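> Here the structure of chain A is known, so what remains is to put chain B in place on it, guided by the hints.
Protein chains in written order, with my numbering: chain A, 1369 to 1574; chain B, 1369 to 1574.
None of these hints come from the bench; they were simulated from the model. Hints may be right or wrong, so weigh each one.
Copies of the same chain are indistinguishable here, so a pair counts whether it falls within one copy or spans any two.
Here are the simulated SDA-like pairs of lysine to any residue, each with C-alpha atoms no more than 25 Å apart in a straight line [what the hints assert, rightly or not]:
1) K1426 to R1530
2) K1371 to R1468
3) K1416 to A1570
4) K1556 to Q1466
5) K1556 to S1573
6) K1416 to E1504
7) K1537 to R1574
8) K1416 to A1486
9) K1416 to Q1546
10) K1537 to T1409
11) K1416 to N1451
12) K1556 to A1486
13) K1371 to L1571
14) K1426 to R1574
Bear in mind that the values here come from a model prediction, so they are computed numbers and not experimental data.
There are 2 protein chains.
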Amino acid sequence: MRKVAESTIRRLSLYLRFLEEFEGQGMATVSSESLASRGGTTSAQVRKDLSFFGSFGKRGLGYPVPELVERLRAILGLTRRYNVAMIGAGKIGSALVQYRGFRQRGFDIVAIFDVDPAKIGREWNGLTILDIATLESEFPQGGIDMAVLVTPAEAAQPLTDRLVGHGVKAILNFAPVQLVVPEDVVVKTVNLALELETLSYALASR
Amino acid sequence: MRKVAESTIRRLSLYLRFLEEFEGQGMATVSSESLASRGGTTSAQVRKDLSFFGSFGKRGLGYPVPELVERLRAILGLTRRYNVAMIGAGKIGSALVQYRGFRQRGFDIVAIFDVDPAKIGREWNGLTILDIATLESEFPQGGIDMAVLVTPAEAAQPLTDRLVGHGVKAILNFAPVQLVVPEDVVVKTVNLALELETLSYALASR
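Next up, chain A with everything else stripped away, as it sits in the complex (with noise of 0.2 Å):
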């Protein structure tokens, strides 16, 4: 497949987002412009991101909702569910395992960890936090399909070695650093600090 960009699979999210929507309200089909509209941006934006997945709707009758939908969730690798697992049961961690737009998309947290003697064996959102030191006794090789890594920056790339170590093909990084991992590991980075620069940048830039 094409190296697509990070821009387009993320506007395909949003698509999908509004389809299902517009699912629910029991439409049958939708125009690329009705697409556009709702996602801020332009129909010819909509039928470029969606043509590099192949063919999809008739030209003058618009895109099939259900169907697209479907070809969307294949896409985006939402036809199963993952198990993801927490590393680190700081305040963003605690926020993180009680936020449901995770679940709602496939995504369950089945454990949390922690290296903390205080946090380890509370109750969370159901989950009692465990030693991270079991992480492999706990959980066989492929038990975990994803990390989200709520650590300090220090322990950020000890922590992901293990990870890696055990099987974990993806990486959500909350940690301030750039993490290395082999190529068949996806990790990707937020840090909400340089959100704000986006717009402090933006602001100075005008």
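For chain B alone, coordinates are given in the frame of chain A:
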């Protein structure tokens, strides 16, 4: 100024972090290679990114660290501090208010607003949660530089309209909606489930 891609701005933010570390270690100059290896990119990319903003450094001598720090801070709008209002005192809001990374980078959370009488009046991190109805009376026009929006989806657009009407020019949005704003207002939307979908896409497209 030429339109600069957001991915470039994000890399500049990272370079600045590394340069500040180097500065803390007393380094006078740094090569594009060192910056690149620290940031998981190539030296050609570093030179290209910096070239957008003029000429830095001398061939063979590397970049002067303190000068480059100063220039990047200016480019990113980080030579001043920003008053940030948190709109919504939920779980994510709670984590963000305690997040030290914001203040470290010059973003001061000066107020937290909510609509829930059970939350209004409570203290969070030294700030009293205020009634959103008092937004305009508590802060003069221009008293808030940025807002972080952590509200339910349906509340996000009406609140955005109020913030924009009150002179807020930059919004970091965690609500799962596309906000509509005038051209002179910048919005950055963070959708955490969507971040996981970029990972599931990567796993599925192998």
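> Between the shortest in-copy and the shortest cross-copy C-alpha distance, which are at most 25 Å for K1556 and Q1466: within, between, both, or neither?
both (20 Å within a copy, 23 Å between copies)
> Are the CA atoms of K1371 and L1571 at most 25 Å apart within a copy, between copies, both, or neither?
Between. Shortest inter-copy distance 13 Å satisfies the 25 Å Cα cut-off; intra-copy 32 Å does not.
> Between copies, within a copy, both or neither: which fits K1556 and A1486 at Cα up to 25 Å?
For K1556 and A1486, the Cα distance exceeds 25 Å both inside one copy (29 Å) and across copies (36 Å).
> From the Cα coordinates, with 25 Å as the cut-off, is the pair K1416 and A1570 best called within, between, both, or neither?
For K1416 and A1570, the Cα distance is within 25 Å only across copies (20 Å; inside one copy 27 Å).
> Is it within, between, both, or neither for K1416 and E1504, if the alpha carbons may be no more than 25 Å apart?
Cα proximity of K1416 and E1504: none, with 44 Å in one copy and 43 Å across.
> Is the C-alpha distance from K1537 to R1574 at most 25 Å within one copy, between copies, in both cases, or in neither?
Between copies, since 11 Å is at most 25 Å while 41 Å is not.
> If the cutoff is 25 Å on CA atoms, where do K1371 and R1468 land: within, between, both or neither? Let me know, please.
neither (31 Å within a copy, 36 Å between copies)
> When no copy is specified for K1416 and A1486, does a C-alpha distance of 25 Å or less occur within a copy, between copies, both, or neither?
For K1416 and A1486, the Cα distance exceeds 25 Å both inside one copy (52 Å) and across copies (48 Å).
> Between the shortest in-copy and the shortest cross-copy C-alpha distance, which are at most 25 Å for K1426 and R1574: within, between, both, or neither?
This pair counts as neither: shortest intra-copy Cα distance 43 Å, inter-copy 29 Å.
> If the cut is 25 Å between Cα atoms, do K1556 and S1573 qualify within a copy, between copies, both or neither?
Result: close only across copies, 16 Å inter versus 27 Å intra.
> For K1537 and T1409, with the copy left unspecified, which applies at a CA distance of at most 25 Å: within, between, both, or neither?
Answer is between: at 21 Å across copies they meet the 25 Å cutoff, but 32 Å inside does not.
> At most 25 Å between C-alpha atoms: does K1426 with R1530 qualify within a copy, between copies, both, or neither?
neither (49 Å within a copy, 41 Å between copies)
Consistency with the previously given hints fails for numbers 1, 2, 6, 8, 11, 12 and 14, ordered from lowest to highest.
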